[in-house]
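Peer 1: The chain contents come next:
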Amino acid sequence: MSPFLHLVSIACLAALFAGGALCIHRVAIGPSAADRAVALDTLTMVFIGVICILSVLWSSALYFDAVWILTLVGYLGSLAVARYLEKGRLF
Amino acid sequence: MPGPLELLTAATMLIGTFLTVVACVGLLRFPDVYCRMHAAGKAGTLGVSFMILATMIAFAPHESWVPVRGALAIFFQFLTTPAATHILARASYVSDYRLDERTAVDDLKAFLPSRPHETYGRE
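Line order of the protein sequences matches chains F and C. So the first sequence is numbered by my numbering: it starts at 1 and just counts up by one. So the second sequence is numbered by my numbering: it starts at 1001 and just counts up by one.
To be clear, the hints were calculated from the coordinates, so they are not data collected in a lab. Every value quoted in this text rests on a predicted model; they were computed, and no experiment measured them. Be careful, since some hints might not be right.
[Stated by the list, open to error] Footprint (simulated), chain F over chain C, 3 or more residues, beta carbon under 8 Å:
| no. | segment |
| --- | --- |
| 1 | 1006-1013 |
| 2 | 1031-1044 |
| 3 | 1048-1061 |
| 4 | 1102-1111 |
[What the hints assert, rightly or not] Label pairs and their in silico Cβ distance ranges:
| no. | chain 1 | residue 1 | chain 2 | residue 2 | range |
| --- | --- | --- | --- | --- | --- |
| 5 | C | Trp1065 | F | Gly88 | 43 to 53 Å |
| 6 | C | Ala1071 | F | Ser2 | 33 to 43 Å |
| 7 | C | Val1068 | F | Lys87 | 35 to 45 Å |
| 8 | C | Cys1035 | F | Asp65 | 43 to 53 Å |
| 9 | F | Trp68 | C | Arg1090 | 24 to 34 Å |
Yeah, the Cβ is synthetic: ideal placement off N, Cα and C, and Gly gets one too.
Start from the sequences, fold in the hints, and give me the full structure.
Peer 2: Encoded structure:
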């Protein structure tokens, strides 16, 4: 791995951590439950990006399975919140 | 001097990070929950896809199974995230979350009556 890609990866990680902090701030102050669900969904996307960059940074493709699983199950949280908001119960 | 593959990886990684951070900033700055869903659902999906694309490009010469699973991950991301955002927007409209007062057009009002008597999960 060249120093160039290393530097770009570190910069992207720093930017993603800043974005994750913004998401956590929205989770904390969000006026409604739907705001918090959207913020947590976006936080899952930030996590997926962090895992991708870390697998490139550490040259280990094993972490990529976590990305695959997170894209499959990441939407279930906001789906559950939506069901709860619309019907008042989950099932 | 980095090779063309590393340059491509860095470019897609930067684009994906930019889109994800834009989604986070929009989540913080937009006025009501529907605008926030707009920011998170569009920019977030594309940002994650570019990030997975960067990993696929980086691992393509060594491990050939990564691009296959990466393509599947991008497919599932495009399948699930817009649907979840749509369902959440519909649920919050039905359970009577107020639109921002600067909203000019409310086309959904004629089709989807909101039910203000239900107060589950609200402040």
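Peer 1: Run every hint past the structure and note whether it holds.
Peer 2: Going through the hints against the structure:
{"no.": "1", "hint": "1006-1013", "verdict": "holds (count 4)"}
{"no.": "2", "hint": "1031-1044", "verdict": "holds (count 5)"}
{"no.": "3", "hint": "1048-1061", "verdict": "holds (count 7)"}
{"no.": "4", "hint": "1102-1111", "verdict": "violated (count 0)"}
{"no.": "5", "hint": "C:Trp1065 x F:Gly88: 43 to 53 Å", "verdict": "holds (44 Å)"}
{"no.": "6", "hint": "C:Ala1071 x F:Ser2: 33 to 43 Å", "verdict": "violated (26 Å)"}
{"no.": "7", "hint": "C:Val1068 x F:Lys87: 35 to 45 Å", "verdict": "holds (38 Å)"}
{"no.": "8", "hint": "C:Cys1035 x F:Asp65: 43 to 53 Å", "verdict": "violated (35 Å)"}
{"no.": "9", "hint": "F:Trp68 x C:Arg1090: 24 to 34 Å", "verdict": "holds (28 Å)"}
Checked against the numbered hints above, the structure violates hints 4, 6 and 8; every other hint is satisfied.
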